Structure formats: C-alpha cells, structure tokens
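**Q** Listed below, chain by chain, are the residues.
2 protein chains.
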Amino acid sequence: MLPSGMIENITRPTLLLDLKKMESNIDSMIEKADRLNVKLVPHFKTHQSKEVAQYFRKKGLRSITVSSVLMAEYFVKHGWQDITVAFPFNRLEVGVINGFISQGVNVKLLITDVDTVSFLGKELVGAVDLFIELDAGYHRSGVNTNHIDEIRAIASEMAKSDNTKFYGLYCHPGNTYHEDSIDRIKSLWRDAIEKVNEVRLNLTDLGKDVVIRMGDTPGCAVVEDMKGVDEIGPGNFVFYDLVMNYLNVCDESNIAVAVACPIVAKNDERKEIVIHGGAVHFSKDHLFDESEQKFFGEMVILQEDGWSNIVPGAKLVSISQEHGILSVSDRLFDTLKVGDVIGILPIHSCLTANLMNEYVTLSGQKFEHM
Amino acid sequence: MLPSGMIENITRPTLLLDLKKMESNIDSMIEKADRLNVKLVPHFKTHQSKEVAQYFRKKGLRSITVSSVLMAEYFVKHGWQDITVAFPFNRLEVGVINGFISQGVNVKLLITDVDTVSFLGKELVGAVDLFIELDAGYHRSGVNTNHIDEIRAIASEMAKSDNTKFYGLYCHPGNTYHEDSIDRIKSLWRDAIEKVNEVRLNLTDLGKDVVIRMGDTPGCAVVEDMKGVDEIGPGNFVFYDLVMNYLNVCDESNIAVAVACPIVAKNDERKEIVIHGGAVHFSKDHLFDESEQKFFGEMVILQEDGWSNIVPGAKLVSISQEHGILSVSDRLFDTLKVGDVIGILPIHSCLTANLMNEYVTLSGQKFEHM
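Chains X and B, in that order, are what the protein sequence lines are.
With our numbering applied, the first sequence corresponds to residues 1 to 370, in that order.
With our numbering applied, the second sequence corresponds to residues 1001 to 1370, in that order.
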C-alpha cells in the first residue's frame, strides 16, 4: 500500500514498482518451469537491479542470464556466480571473461561462428560453457538451423580445447513479439523447438547432454508443451508491459511498473494534457491503436494501493525529449488538474527501466538499476 | 588525433566526441548570434555535460537553458547562475526553485497558464523571471498566439507579485524538425516570429522590454533574418546528428558524436553485420531512406583522426535492446571482420548522449553526462 502521502511526495517522473505484481509474475514463471520440468534461467536485462535479483535468489535460483558483459560484471559484483551472456560473444571482452573465470564464476557464452571458438580456445585462462546460438526464423543473430555443416564445424572446434565446452543450443525466437495471437506464438515456438531438436539430433556424436534453451517471454509465458526444451530464459515477464498486454501474453493487472508523471499544462482546444514524461523516460517505442494511431503509453490513475486499470482512451500520443502529450476524453480532461500526478504504463518496460535508472516501490523503498 | 592504440582499446559501445567539430559548431553559432545581434542562451539538454559546458563558459557565455529542474540542479552545482528551465513549469518543484533563489541563482521559468503564476506569486521566496510560452503552430505546449486574452491574463497576473517578473515570450517552433527544405524552415520561422511579435505589440501596457526568445536548432542554424528576435536558445547544434543532416541544416562533417560499436557476428546470406549497439545506446529514433526503409543510424569508419564520411548504403536497419543489425554492400561485407570496431552516427544525438552517459574524446579524455 502506498504510505499515506507517498503520491504527494512525487514531484518528478518516478518509476513505480508494484512488488506484489512482480512477485506474482516471478512465482508464476517459477511454478510453470517446475511443472513443465524445465530449468528457469531468468534474464535480468529487464530489471538490471540487484534488489529485484534478490527475489529470485530467495526462491533458490542461482543461474541467470544477462545481455552484455557489462551487465554480467554488475551481477558478479553482487554475488551471482552462474551467468549466461545471451549475446553473440564480443571477443574484445575476453579479458573480462578471464577475470570472471579467475573469480570462479561459471560463465556461459553464445557462439555464432567457428573463429570465435578458436579465439576463445587460445585466449581463455579456464573453461567456459558455450551455447551455439541458433536462428530458427527470427533472423537477428544465430546460425540458421538449416546450416548443419556450419553448426557441426562450430561444435567440432569446441572439442579442440578443454576451455571451450559445448554446453547447449540457444534459440531466441523473438519473432513471437510480432505475432497477433497466442496460437501463432505457440505454433512459432513449436516450429522453433522442432528445428532446434533436429539440430541436436545431428550433433549426438559431437556433444552429449546438449541442453536446449529457449529465450523469449511471449513463448515462455504461453506455451504449455515444452517437450524438447531443457531451459528457458525469459526476462520481460518480471514486469511485463503494454507490448505483452497487446499480445495477450499478460493481463494489464500483471504490469508491475508505471511511471508517475506530473501534469504541467492543459490544452482546452485539443483536450490534451502535457505531462513531464518523454523520450528520456519512455524511449520512443510505440504501439498502434485500432485506428492505426501511434501511441507511447497508456494512462492509469495512481491510488493508495498502486494504480487503476488503464483509463480507456487516455493515451500518450506524442513525446519529445521531456514532454509527453496525453490525449484524453472531455470528461477526463475536466477532472485532471495541473499539479496532479498520473501514471503511465510503458510500452516497453526494459527500455523504460533502463532510462529511469531507479525504482521506487509502493512502500517508498528505492531499488537501483545498474 | 586518436592517440595510437585508442581504437584498439575500445571493447564496448563507446560514445566518441570530436571536440574540434563541437568547438567549430559552438563557434559558428556564437559568431552568428553576434553578427545578427541576438543573445545566444544555449540549451544544454543535448550534452548535459559540465565539461562541454566549459566550452561555452570560456567563450564568455553565462546564461543557459535546460529542459528540466533536475538538469538545472546539475548545472547550478557546477557553477551556472543564470538558467532558463524551458519546460512548462512543474509547480511540484517549486521547493527546488526556492533553493536556487536562496543561492542567488537567476532563474527563468516558462508559464502557460494563469494559475501557475498565482501559485508562484504565493510560494516563491524571491523573484524569478517568467517567460510566457507561446505556440505559433507546433502544438506541443504553450499558449496559442491567437489567444491574446489568455496571454494578457497571464501577464496581468504576473504584475500582482514582485516575485513573478514578466521577462519575455518564448517560442519553440519545433515543427521545423518536420520540414523538408531550408526554405520551408525559414518561412515557418518568419511566420512564428511575426505571430510572437504581434503578441508583444498587444502587451506593451503590461510589460516593457519584453524579450522574444526562439528555441529550435533548425531555425537558429539556417535563418539569417532575425529581426524581431532578441534571444535564441538552440541545443542540438553542439553535436548535430542525422536528423539535422537530413534536414540539410548541417553537413555530415559537422556531426560531432559517433558511437563506436564492436562487430560481433556476420550473416553471409543477408549480408548483415551484427554489432553491439542497440536501443539502450541509440534509443529507437529513426529516419526513412529514399525507399521508405526505416533506419536507426549510419556507419562511418573509425580513423586515427576521428571518423570517415558516411559509408554509402551502410545503415543500421534494425535494433533491439543490445543488438544492432547493419545492412551493407557485398564489398563492404567482405572487408569487415568480427572483432572490428565501426562507428555509427546517431539519428538523434540528444537521446544517444542521454543513454550513453559518458563521452570519450578523440584524445581519450572522459566527459561526464549528468
């Protein structure tokens, strides 16, 4: 519950974190992973916070995923000892990885070419686990699942050094973010799992107990048949956001972060509200409504115990560096006053958290963002 | 000149700052303001850096503009004593303004309604200078220049307290950012200047020596006839960026910042290069090329003395949180290697600087971002 007077103390754009919602999101994913017998290796790129990380630690999780070596450094500093850097390994950062190895950290890296494996074979001071990143159709990074020869060449190269251990196959089917139904997300995942398992079958002579890890939140949240999957590494589920809500991957009540924004001006003619809340708070990610209008966030009303459901039709229709323009109904326009503080649910919680740099819980506690 | 080995030392996305270009941009704007007899009150929202600010101080400038009270706090801490907060004043932050007043800072605020003036009249502990923000057609914030009664009511309210001094009329014709020719930018500015001057004529009984300040970089950079303008407050010109280059407001050689990004993977089939450089480095601002393809940055080659011209056809075509996908010609594809570091000119330098949080000059010096 918001301690009495807490909203009154907000004077600037502030990233509110509803711990109850967050914990429930975390618990659901842990319960699901247990039920489906897959290992949850949560991605910490969404929250990037040592305090949020503690909620996973309390639940007994020790293996985590990050999206950069820099982020790995942050979590190593805060006591995490088993970290997957889920990004095609940047060989210029091998020195940091060697530092991790010297500290006894269990490091897992993503590989997409033979040369990087031979480079690691020469440069590493100790052993790391390697994933081959596979592309099952998203076409961002990873080796195409059809390129069996290339994949086999990578796995063979790993066998040449004790320090480059073939651990698994990693697939982030991020195209699920662009689907328009749960059924499509499920069928896309089914297709990806099949492709990755076919690859595994082709590698039985080169690696045993080769693990398959799937990466994206939409799939991890909605797929119930995880046959052929050993590990999952979703990240966004910890907070969710409007993208996930529009995909029907989460309910709006699952969204665990909102940005509190002061109202600084009203425009009678356009029924627009000017808030302090712009691109330096929300980034420029957007969605389109039914009439193909771009929007950058949706409004909620801040309450003692958090925030209301989304106010229908109250959307952030335009943002510049610090300004946000909220378009609202006539009725709502009349009730909102300059000096009020309203809430905005973000389009993309990862980017919003990255920009806001600090969370304030509903009890007023501050959580850091790396 | 890049000290020998400097590029070799870059292992992660790094915001490079070419001081020579920056100084030349600053010098040109100072020279222009002097020549046209307007006062330059540079906007510091683009760089947000105490070190960059020093270049203005060395040139004798003492009055600056910022876009939030938070940013004002940063520059007050670093010795700036005459600050315009160019954002509709957020009355929840009046306590900070009173702190500034107590420290002897000369504060200028933007006003868009009568109530905020009466609020300030009651709450301020000393005098501040007030601008009425006018909307001459951009339709973001500010009072419509046609609403003379409303504007007169605001100016009259200011007269009721010694602490709310009517200083001037502020206009940010940000619609210049969406124009497609220098002529259109000039005519839009001419129109805005006329409207704002008409307002001033209507206020002669309510304020004398009422100053007119114009805000945007495109206009300040290209307009040569500043009759009717007393002060200009551009910000982006200090670095410029691809938006300004596509508007023909600057040459690509004026762009003073580039993000150095390591190449981490190559995709032969798609002739795509995967770099470490994504939405957490560039934001999601984009432009469209001739064939209406969205892009998020353009590539340059890093050199001893900075960087090359834009490599034709080498564009950042897609970004996610940390990944950037660079589409390049076959010939360029063959010359680029995993482990190389290339440069990306940003679409929007303000948002990129805000995300990168630190500059590295070509001689390896670090400049902070607040």
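Keep in mind the hints are simulated off the structure, nothing from the lab.
There's no promise every hint is true.
[What the hints assert, rightly or not] Examples of chain B residues toward chain X, derived with CB under 7 Å: (1) G1060; (2) S1063; (3) E1093; (4) Q1103; (5) V1274.
[Claimed, not checked] Covered stretches of chain B (in silico footprint by chain X; criterion: 3 or more residues with CB under 8 Å from a CB of chain X, positions within the stretch not fixed): (6) 1086-1092; (7) 1260-1267; (8) 1307-1318.
The model shown is predicted, which means the values in this text are computed figures rather than measured ones.
Note that beta-carbon positions come from the ideal geometry of N, C-alpha and C, so glycine has one too.
**Q** Next step is simple, just say for each hint if it's right about the structure.
**A** Here is how each hint holds up against the structure:
1. G1060: 27 Å, violated
2. S1063: 20 Å, violated
3. E1093: E1093(B) check passes; min Cβ-Cβ to chain X is 5 Å, inside 7 Å.
4. Q1103: Q1103(B) check fails; min Cβ-Cβ to chain X is 19 Å, beyond 7 Å.
5. V1274: 5 Å, holds
6. 1086-1092: holds (count 6)
7. 1260-1267: n = 5 at 8 Å, threshold three: holds.
8. 1307-1318: violated (count 1)
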